[in-house]
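Asker: Protein chains in written order, with my numbering: chain A, 1 to 293; chain B, 1001 to 1355.
Rather than coming from a laboratory, the hints here were simulated on the basis of the structure.
Some clues are possibly wrong.
[As the list claims (entries may be wrong)] Straight line, CA to CA, 27 Å or less: simulated DSS-like cross-link-like pairs of lysine-lysine: (1) A/10 with A/264; (2) A/67 with B/1262; (3) B/1095 with A/67; (4) B/1258 with A/142; (5) A/67 with A/231.
[Unchecked claim] Restraint-style ranges between C-beta atoms, simulated for each label pair: (6) A/151 with B/1034: 25 to 33 Å; (7) A/139 with B/1239: 28 to 36 Å; (8) A/139 with B/1185: 39 to 47 Å; (9) A/9 with B/1017: 37 to 45 Å; (10) A/97 with B/1020: 34 to 42 Å; (11) A/97 with B/1017: 32 to 40 Å; (12) A/9 with B/1255: 23 to 31 Å.
Idealized CB from N, CA, C, for every residue including glycine.
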Amino acid sequence: MSDTILQIKKLNVVFPVFGGIFQHEVSQVHAVNNVDLDIISGKTIGIVGESGSGKSTLGKAIINVLKFTAPDVRVNGDIILYPQTDNAINVLKIKPSQVKLYRSDVQMIFQDPYSSLNPRMLVGDIIKEPLNINTSLSTMEKQDRVAWLLNKVGLNNEQANRYPHEFSGGQRQRIAIARALATNPKVVIADEPVSALDVSIQAQVINLMMDLQEEFNLTILFIAHDLSVVKHISTEIAVMYLGEVVEYGNTELVFSDPQHDYTKTLLESIPHPDPVGREKRKEERLKLERFSM
Amino acid sequence: MTQQIIKSESINHKRWRKFKSLKRGYYSFILIITLYILSLFLPLFINSKALVVQYEGDYYFPAFSEVIPWVSTYYDGNMFGQDIPGAANFRQLQKSWDDSDNWLIMPIYPFNTFEDITNNENRMYEPPSTTHWLGTDNTGRDVLARMCYAFNISISFAFVLTVLNFIIGISIGGAMGYFGGKFDLFFQRFIEIWSSLPLLFVVIIISSIIQPSFALLIFIYTMVNWIFLTYYMRAEFYREKSKDYVSAAISMGQSDTKIIFKHILPNSLIPVITYFPFSMVGGILVLVSLDFLGFGLPPPTPSWGQILYVGLSNITKWWMVFSPIMAQFFTLLCIVFIGEGLREAFDPKIYSRLR
C-alpha cells in the first residue's frame, strides 16, 4: 500500500545574492533545485548529501520557516500534505483554516539542542507550548501529556521543572523530540538531530527515534550527512547533490547498487573501522585467490 | 532517607543571587533605593511645616499635606493665631508656644527649599552651623534642604528619562531586528539623520523660547536618547531570531507577538539591563549640566547644578561648591557600583575580580 503523505513537486528555493553599490541582485544561489519527492506514510526517509547540498533548506522549506530568517528567499513549487485526500494542504499557499492542522501535523527536530530550546523556559513549558497553541486541552490534561511525553523519551516527570541548561546534549535532544511529538504529528523532519551529540549518545537518540516511529507510526524525514546513521534508521534514502535529488530509492538498494556517480563517491567516503586491516585482508584474499588458481 | 525535590533556579534568580554576593554593588543598590524611597517622603523630614500641630484642641498635620497630592498645602498664619501676613511660620510658633497648652512637632530639619531672606530669620551666605548644616545660599535658602530635594528630582528625572528611552528604544530596535527588510532599512536611515541633531543647541533654543519644565526636558532628551538602545536591540533581535528555538516556535504556529515577547525579548535584554545604571548616570549628569548652564528646570526648583553655579560665582563660599560636588560624586559612584555589579552578575563568564 503506497500511501503518499507528503508530495514535493518541482520545489525550487533560491537565495538571491546582493552586491554592488546599490545592493542589487548580482547572482542567485539555487539551494534546492527542481526537487520532486513522494514521501510514503510511515517510512523513514534519509536525506543525505554533503554540506551545502540543500538538505537542511529542503527541511526548512517543508516547515515553512525560510521566509523568516531570509526575507528575500524565493520558494517556488508545491509542497502538498495529504495529497490523496480531499483535505490536501499546499504548504506554500496555505489557507488560514488549515494552518492549525499543518502546524500540529508537521514538526521539526533541530540539529543543535543547545539552541533549539529557549533557555528562559522550564522544560515543562517548552513541551507544553505546542499544546497551548494547537490543542484545547485543559491544564491538567496538558500536565499529564507532558509527563507522558517525558516518560516516552526516557526522562522523568520531575525534570519538567528544570531549565534546559541543566541537561546534557542527549537529554536536550530528547526534550526537543518530546516537544516535536506533543501534538501527535504525522510528519517529523529531523534536521541532523544527532550530529551535535557524542557517538554513544547518538545511538541512544537514534534508537529512541526508531522506537517512537514504530509506536506513533511517524513519517520521518531524516536529514543527515552521516551515512552509517542513515543506513541504520531509514527505509528509503534520497541523495542530494547541489540542490537536486540525484538518487531516491530503498536504502538497501542504494547502498548495494548505487546508480549515480555522486552516490558512489559518497559511499566510498564512509570511513572503514580498520583501514589498515582492510588493505591487509585484501592482499591476503588476492594471494589466496592466486594460490587457488 | 527522604527524597528532596529541588526546584530549579531560573537564570534570573541565579543572577540576582550573584548580584547579591557582590557586596559593593548590592549595598550601593540598597542605599540608593532606600534613600530614594525616603526622599519621596522628604516633606516629613525636611520641611518648615510642622508634622503635628495641636492648637486649641484641634489637630493639624501640615507636613503630611505635602506628601498627599490632593490636599491643600496652604496653612494661613491666622489659623494658629499668628499675626503675620500669609502662610504660618511654624518655627516661630514653636518658640511662642513654649509655655502654652498648644504644641507642635517640627520635622528633624525644620527648613524648606524655598524660604529665602524674605523670612526675617534667614541670612545670605551663612556658613555651615548647627542650624543650617550646610549653610545658606545667595538668597538665604538652606543648602542642605535644597540638596536633598534635588537628589529626589535628579534621580526621578534620570529614572523617568531612562525608562522612557528604554521603552522606545527597545520597541523600535526590537521591531527593526524582528521585521528586518524595508522597515529596518527605513529606520536605520531615519536614525542616522535623527542622531545628527545637535541636542544641546536644541535644548538651548527651546529653553530660550519657552520656560523648560520637567516634562519638556524629558521629552527633548527622550527624542534623541532612545537611539543608542536601538543598536543593541536590533543586533540582539537579529541574533536571537536566527536561533533554532525561534524557528521551533514558528514551526508550531506561534504568533508574532508571542514570539517577540515570550521568546526573543527575554533573551535579548541582557545588554540593555546592564546598561540601565550607566544610562541613569547619564541622565543625572544631563540635568546637572543643564541646570548649571541655566537651561534646566525653572529657577526656584532645587537642583545641584544651580547650587554649583551659585557656588562657583562665589568661590569663597566653599559649602556651595563642596556639597553638590560631593552629593553628585557619591550618588554617581553608588550607581556606577550598581552597574558594575549588574554587569558582573549578567556576565556568563565567572571571574572573581570583584569579590
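Asker: Hint by hint, say whether it matches the structure.
Answerer: Here's how the hints hold up against the structure:
no.: 1; hint: A/10 with A/264; in the structure: holds, 25 Å
no.: 2; hint: A/67 with B/1262; in the structure: holds, 21 Å
no.: 3; hint: B/1095 with A/67; in the structure: violated, 80 Å
no.: 4; hint: B/1258 with A/142; in the structure: holds, 19 Å
no.: 5; hint: A/67 with A/231; in the structure: violated, 32 Å
no.: 6; hint: A/151 with B/1034: 25 to 33 Å; in the structure: violated, 50 Å
no.: 7; hint: A/139 with B/1239: 28 to 36 Å; in the structure: holds, 34 Å
no.: 8; hint: A/139 with B/1185: 39 to 47 Å; in the structure: holds, 44 Å
no.: 9; hint: A/9 with B/1017: 37 to 45 Å; in the structure: violated, 56 Å
no.: 10; hint: A/97 with B/1020: 34 to 42 Å; in the structure: violated, 52 Å
no.: 11; hint: A/97 with B/1017: 32 to 40 Å; in the structure: violated, 49 Å
no.: 12; hint: A/9 with B/1255: 23 to 31 Å; in the structure: holds, 30 Å
Of the numbered hints stated above, those contradicted by the structure are hints 3, 5, 6, 9, 10, 11, listed in ascending order.
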